[in-house]
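In the order they appear, the protein sequences are chains A and B.
So in the working numbering, spot 459 of the first sequence is number 470, and the numbers just go up one at a time.
So in the working numbering, spot 73 of the second sequence is number 77, and the numbers just go up one at a time.
Worth flagging that the hints you see were computed from the coordinates, not collected in a lab.
Even for Gly, the Cβ is constructed at its ideal location relative to N, Cα and C.
There's no promise every hint is true.
Between beta-carbon pairs, the in silico distance windows are [what the hints assert, rightly or not]:
id	chain 1	residue 1	chain 2	residue 2	range
1	A	403	B	129	44 to 50 Å
2	B	279	A	220	28 to 34 Å
3	A	420	B	26	32 to 38 Å
4	B	178	A	476	29 to 35 Å
5	A	218	B	12	53 to 59 Å
6	B	176	A	403	35 to 41 Å
7	B	154	A	356	47 to 53 Å
8	B	92	A	496	51 to 57 Å
To be clear about the criterion: a stretch of chain B counts as covered by chain A if any three or more of its residues have a C-beta under 8 Å from a C-beta of chain A, and this derived list gives those stretches [what the hints assert, rightly or not]:
id	region
9	35-43
10	70-83
11	137-146
Calculated from the model, a selection of chain B residues having no Cβ within reach of chain A, i.e. all distances over 10 Å [stated by the list, open to error]:
id	residue
12	51
13	60
14	127
15	220
16	238
17	266
18	276
19	299
20	300
21	314
22	317
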Amino acid sequence: MKKVICLILALVMALSLVACSRNEQNENNGNNGNNGSEVQGNGQGNNQGQGENGNSVDDEKRGGTLNIAITADATGIAAWTIAGNTADFICCWPMIEGLFSLNSDGAVVCWLADSYESDAEAKTYTIKLKDNVFFSDGSKLTAEVAKWNLDTTRERSQKATNLIGELESVDVIDDLTIRLNLSQWNSTLLYGLARECGYMYSKEAYDTLGEEAMETSPVGTGPFVQTEWQRDIKHVYKRNENYWNGDVYLDGVTISVYQTGLVAQAALESSEVDVWYNADFSVLSGMEEKGYTVALGSIYNMVPILCYNSTNEDDPFYDIRVRQAVSYAIDTETIAKTVYYGYANARNQFCVGDYYESSEVKGYPYDPAKAKELLAEAGYPNGFDTTITTLATTATKDAVTIIKEQLAEVGINVEINTLEMASYVIELTGWKSGMLLHPSGSSPCIPTQLASMFCQGLSGTVLGLSSMIRPDSVDQNLRGAISATNDEEQLRLLSQAQVDMVDTYCMYKPVAEVPMVFVKSPKLHDDGINEACFYSCTLNTAWKEK
Amino acid sequence: MFGYFLKRILVSLLTLILVSIFAFSIIHLLPGDPVKLALGEAATEEKIAQTKEEFGLDKPQAVQYINWVRNILKGDFGRSILTRERITDLLKTRLPITLSLSIPALFIGVLTGVFAGVVSAVKRGTLLDNSLAFFANFCLGVPQFWIAIMGVYVLSRELHLIPLQGYVSPSESFSGFVSHAIWPVICISLSAFAVLARQTRSNVLEVIQQDYVRTARANGIAERSVITKHTLKNALIPVVTLIGMQMRVLVGGSIIVESVFNISGLGNLLVRGINSRDYFIVEACVLVISIVTVLANFMVDIAYGFLDPRIRKSWR
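Work out the full structure: start from the sequences and follow the hints.
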């Protein structure tokens, strides 16, 4: 009898526990729904698509932590400490937002800005800010704050000279409107403001916490707030409960450093991470077969170019015919297929995407016979000995090995010189002779990118500063493209610059446009990671299947 | 005895001074500019010059060295050129992490290595001896990163026995520490195990053939007693030297394991410093590793005295 009573009591207790837990769940659901309604009621929400099923869709999406694997930690996450590495942008994704962003086509769209007007004659941009934007510390994004941010960036950001160098001053027009005054017209300025130069940080937090605190735990307007940064290990973010742009589904984001690619892959395959940045090209097709999403971005971010030393009179490459011969002797289609496993596209000009591509550029299609002919004309019928210097990465090492073999077919004997980053940055500005395979990163805004590389009068760590010619026509056309007042004029001048750099002067041989690779779990949705490129994404709408 | 200690301390200090000069010179001789790396491709010449001045890198190298030593004597290792973090703070957080892995690894490596060496010697020529010799050679021959990654794939990804990577402080959660650290510790301890097993085996074999051991056996002393009381005490003296040397390998040699398992120890910091030519980080890490090594060797020298009465006698 005692046993029966005990059994009944145990059953009752078990049922009570189950019932209690269900009630609790219902209460939680109700709270979530209330929160969502309040946010929507305030007109701030953009994620409250409850529809006829009430909160069921949102509740299904709600919760979980997004785990992202990166290969090296960010250099900085404050606008003035960002060096431009991909990890810098990734670590800013959850918490920092900019005035502008890029859509999936790579075009600039307003984000914290509500609208803008440009006046090429007056050399101004007038930007109206959204009225309901708040930082995670509760302070509001006003015109004064935006001005402070732009002034700080203009003075201190490492990329400011290249991206917003023409920005002379910022005027506050009213509480939500600023006017950017330029020293000379720049039609591509908004691209700079769609990345770190347009990032907005809380001035109140800066004034209160100080500069050092803002460099390690900045306060932005993003959907998440950074709670921990163990350098070289991980960044931890929790949901910003007061996010201005609606409800956020994920509880948090963790960005961890996985220095070993194999471990990162294992972490993705065992669901320890949801996104893996910088996966090796060799594993991509295998990952796709297993159901993972390989996000390459609509706009590729890297253009490896083979640069020739065209300033050293004692170097064979001083003769344009030698540069052209080498360009004809290299089969870039093979390199794109072999080195990048078909995930890159061979290009005849420095370009990412189609918008800025010039049909005028003839380039140098693979033609070893023509190469030999040109070499003979230049006085090198039997070829010559030379070197290729490059950064020691798997892809560049593979690429120069193929180039070496292809050049051997026309009699050119190449010695490969691979350098680690610290030595490479020195060689980059002025290698003494031969060629340099430079894995150049690229902004979607090609005029700005090329102007920062090939205009005259540049200084600092610039590609081929003392090794490559910078013809007047290239300089004029690139500067003209940036200050063009209409799109047609800009494309025409850029096209002329591309023709000069590739066909007329053969300054370099573009190898391919290469994507920045993110491998994502199929359970991750609406994250916008690498949709256009890696500068921004939409973690505010991201959610994970349970 | 005091004279002996003083002599050892002076030799240790001299070693540290020489190591500091060596570390300083080597990193400055390597090609690469830390400031250009830190500031990125868009840095202007003015900004580069300004940053060099800020870190004192515009001064002659001899002056830089003197300033560096002067600051270290004040307890200031300087700031990272790349991240501007205080290196003293970095060392305070990173060294305990490395030690929390290397000390258990040393402990495990020494215990298992000495035990395996003795067993191998006593069971010379048997299957057990051959198996242990094979395993020791395997541990020496196979790269540490391969063992680490195989562990990640088999134990973490396939069997889900341990976490893939990361580190949990023992003060935060001891079970978390054990589960995260067990495979890294085993990986680090393997080289110590292999070296000590081989050395112990050969030493025990040598001692076991000595006349006094034969005499002990002839006197009817039990085999266990012969091994533990008469053989090991003499056979382990050279092994103690190896243990001291292994400490250097364990503190400085955890670089690969820390990279694979994403552990923010001293090795990881040193790699970051070397890759970014962060002079002050590399110099500080090398100095700390050499201090640990010198201290370990100092302790080994003292231990000799207790293990070998002849040395103890020479102290007087």
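Next item on the list: Say whether it holds or is violated: residue 266 (chain B) keeps its Cβ farther than 10 Å from all Cβ of chain A.
Entry: 6 Å, violated
Check: For residue 51 (chain B), is the shortest beta carbon distance to chain A beyond 10 Å?
Finding: 8 Å, violated
Item checked: Verdict on chain A covering the region 137-146 of chain B, criterion of 3 CB contacts below 8 Å -> violated (count 0)
Next item on the list: Go ahead and decide if the range 35 to 41 Å is satisfied by the Cβ distance of residue 176 (chain B) to residue 403 (chain A).
Entry: 38 Å, holds
Next item on the list: Just double-check residue 238 (chain B) for me: nearest Cβ-Cβ distance to chain A has to come out over 10 Å.
Entry: 44 Å, holds
Notebook entry, point to check: Is it the case that residue 300 (chain B) keeps its Cβ farther than 10 Å from each residue Cβ in chain A?
Noted result: 27 Å, holds
Check: Are all beta-carbon distances from residue 299 (chain B) to chain A longer than 10 Å?
Finding: Check passes; 26 Å lies beyond 10 Å.
Check: Taking C-beta pairs only, is residue 60 (chain B) more than 10 Å away from all of chain A?
Finding: 19 Å, holds
Margin query: Just want to verify: residue 220 (chain B) was marked as not at the interface with chain A; is every Cβ pair farther apart than 10 Å?
Written below: Label holds. Min Cβ-Cβ 52 Å, cutoff 10 Å.
Notebook entry, point to check: Is it true that the C-beta distance of residue 218 (chain A) to residue 12 (chain B) lies inside 53 to 59 Å, as the hint says?
Noted result: 56 Å, holds
Margin query: Please check whether residue 178 (chain B) and residue 476 (chain A) have a Cβ separation lying inside 29 to 35 Å.
Written below: 56 Å, violated
Margin query: Taking beta carbons only, do three or more residues of the region 70-83 of chain B come closer than 8 Å to chain A?
Written below: violated (count 0)
Of the numbered hints listed earlier, those contradicted by the structure are 3, 4, 7, 10, 11, 12, 17 and 18.
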